[in-house]
Amino acid sequence: MDQPAYGFLTDATLCIGCKACEVACKQWNQLPTDSPGDPPKLSGFSYDNTVDLGARTWRHVAFVEQPTAGGVAWLMLSDVCKHCVHAGCLDACPTGAIIRTEFGTVIIQDDICNGCGYCVPACPFGVPQLDHDDGGSHKCTLCYDRLQAGMTPACAKACPTESIRFGAVDELRAAGRDRVAALQADGVDALFYGDEDLGGTGGIAGLNAMFVLNGPPEAFNLPAKPKLPRRNVLPSALASAATAVVFTAVAAIAFRVQR
Amino acid sequence: MSRGDERNPGPRDPAAAGYYGVPVIHGPHWRWLIAAYFFFGGISGASAMISAYARLFGGARADRLARTASLVALATLLPCPVFLILDLRRPRRFLNMLLVFRPSSPMSIGSWSLAIFGGFLTLDVGVQLLFMCAGKVRRETQRVNPGASRALAFFSGTSGMIVAGYTGALLAATAVPLWSKRPELLSALFLSSAMTSGAAAVTATSLLKPADGEIDPALELLEVFAAAGEGALLVGWLASLGPTAKPLDQGLLGYVVRHGGGGAGIAAPLVIHAAARRMPRRARRIANLLGAAMALAGGFALRFAIVEGGRLSSDDPEAVIALTR
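Chains V and D are the protein sequences, given in the same order.
According to the numbering used here, the first sequence is numbered sequentially starting from 1.
According to the numbering used here, the second sequence is numbered sequentially starting from 1.
I should point out that these hints are in silico values taken from the structure, not numbers from a laboratory.
Check before you lean on any hint, since a few could be wrong.
As the list claims (entries may be wrong) - Subject to a maximum C-alpha distance of 25 Å in a straight line, what follows is the list of computed DMTMM-like cross-link-like pairs (lysine to aspartate or glutamate): (1) V:K225 - D:E318; (2) V:K225 - V:D197; (3) V:K227 - D:E220; (4) D:K246 - V:E218.
Claimed, not checked - Only some residues are given here: those of chain D computed to face chain V with a beta carbon under 7 Å: (5) N96; (6) T122; (7) S180; (8) E184; (9) L191; (10) A218; (11) G231.
What the hints assert, rightly or not - Cβ-Cβ distance ranges computed for the label pairs, FRET-style: (12) V:S35 - D:A151: 55 to 65 Å; (13) D:D249 - V:L234: 25 to 35 Å; (14) D:A151 - V:R256: 36 to 46 Å; (15) V:V188 - D:G251: 37 to 47 Å; (16) D:E318 - V:R259: 51 to 61 Å; (17) D:D249 - V:A73: 43 to 53 Å.
Just so it is clear, CB atoms sit at the ideal spot from N, CA and C, and this is done for glycine as well.
Full structure from sequences and hints, please.
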């Protein structure tokens, strides 16, 4: 019964920028191109022509060029849905299309999603996106179909350097922390992104897809201390209720005086 | 679709945070349909509140005002589902909104509230019209069955309050910096703006008949109070946002907020209300109609600017990073 939560550990220090994860993801999940125009546009952002995660791009390799004394330090990281322990998209979804699976992952059921688009701004990491053709919201499923068959997700399977590791979240978290400690001992400025101190902050309670970073999170377009949007529901409701009480009191006085 | 396409990366500053100016979060797709829904839903909910206030606090003389307010509420509620369904990217699945109830999702709360409000309001309007006809037939000035009417007033007013108010929470419960930084002020602002627009709509409707060319004094007091409160909340909200208010501080949206939302929607109606008191009867009616029209235009301008501003705020990586450091 006790199925562990599964996730990713993606290590920027091991990534060589080959984009095999992007290709394997597109191929397995049958995701069409983002730019229907031919030929696709080049971004000019280093070797990154993918630019962002989106409805049809569930792995995105970021290429960061940092000027150093000796030239340029080249940082690469394969970004993906974080499968948050408390997920903003899941909290926001009004149809029940977004669910937590038996593997602890977060998926969007395409046959339920009605394209309301609320999960899109509700994600603190900018992951889900509405598809301009089919209208539904889409994101990484952590290869739900492959997990059900006992297989490794396509991106992790294809990664030639084990920069993307797949496994039980508890084991990956321990491995990630060990890796950061070892890197720091070697003098690398490494960070663990995905616990309640960094990445999984503000009520998110940790990420099931974690990262080992060799630069500040913002350099990879990751927010350092994101917050769970749901935290605002109660203060908003209380403020609305208080405002309504004031209006009711004013109305009671105004109409009674008139009577 | 890649949003980095048009951007020139330029030389990178190693100390600067961010990734080639690519947005950190994905912005909402909502545009004028959602702004229009916020506007009409706000009017409808607030008008139902006004109708309930008139019946619960106002006595028999306010029955006519209550009927007008309920009819305004029903008329402005009708386009709401149309706006919402048209905004869905898969509109035929609109009923999936009522598959589950998720209290963590203001959109789920709002969908259910809208459905329940629609039911109560329809019943409420039906019963009020029935009582009006019965009253005429029996040539009675006293009210028929006030117990049922008061209960319906309470339920349609309370559910209308939720419909008028939840939209602030809907925007606040996102990762959008402009919407999420001060959830309590945004929510109070949305309900106040709804009340200003609702009171203006009820006023305008009752002034349309030249025979009753006078504003109900209680409604006028409520309208002035709501507009003054809305003005204070708008100024306070924008000030408390600091640099996060950037999309509403400058450019076309800044103009729309200052002159549309603030000037036309709040300041002008307050000035007109004060000036109209000293005018002759006919001029007063015209002035008050003009004030109500300006309040309504300003109410829509404010909703539109806040919705559009949220999209700009989402696309600004610096704004997102500043709030997640």
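Against chain V, with CB atoms and a cut of 7 Å, does the hint on G231 of chain D hold up?
violated (14 Å)
Using Cβ atoms only, decide whether E184 of chain D comes closer than 7 Å to chain V, and label the hint accordingly.
At 4 Å from the nearest chain V Cβ, E184 of chain D passes the 7 Å test, so the hint holds.
Identify whether the interface hint at L191 of chain D stands, where standing means a beta carbon of chain V within less than 7 Å of its own.
Given a least distance of 4 Å, the restraint on L191 of chain D holds.
For the pair supplied as a hint, K225 of chain V and D197 of chain V, is the alpha-carbon distance within the 25 Å limit?
OK: K225 of chain V and D197 of chain V at ~8 Å, within 25 Å.
Given a hint of 37 to 47 Å, does the C-beta separation of V188 of chain V and G251 of chain D actually sit inside it?
holds (44 Å)
Hint check, S180 of chain D versus chain V [nearest Cβ-Cβ separation less than 7 Å]
With a closest approach of 6 Å, the S180 of chain D hint holds.
K246 of chain D paired with E218 of chain V [C-alpha distance capped at 25 Å]:
holds (21 Å)
Assessment of proposed distance window 55 to 65 Å (beta carbons of S35 of chain V, A151 of chain D):
holds (59 Å)
Should the interface hint for T122 of chain D be scored as holding, given a Cβ-Cβ cut-off of 7 Å against chain V?
violated (22 Å)
Between D249 of chain D and A73 of chain V, is the Cβ distance one that fits in 43 to 53 Å?
At roughly 37 Å between Cβ atoms, A73 of chain V and D249 of chain D fall outside 43 to 53 Å, so the hint is violated.
Taking the Cβ atom of A151 of chain D and the Cβ atom of R256 of chain V, is their distance within the range 36 to 46 Å?
Roughly 20 Å apart at Cβ, these two residues miss the hinted range, so it is violated.
Next pair to validate is K225 of chain V with E318 of chain D; report whether the Cα-Cα distance is within 25 Å.
Satisfied, since the Cα-Cα distance of roughly 14 Å is no more than 25 Å.
This entry does not satisfy hints 3, 6, 11, 14, 17, going by the numbered hints stated previously.
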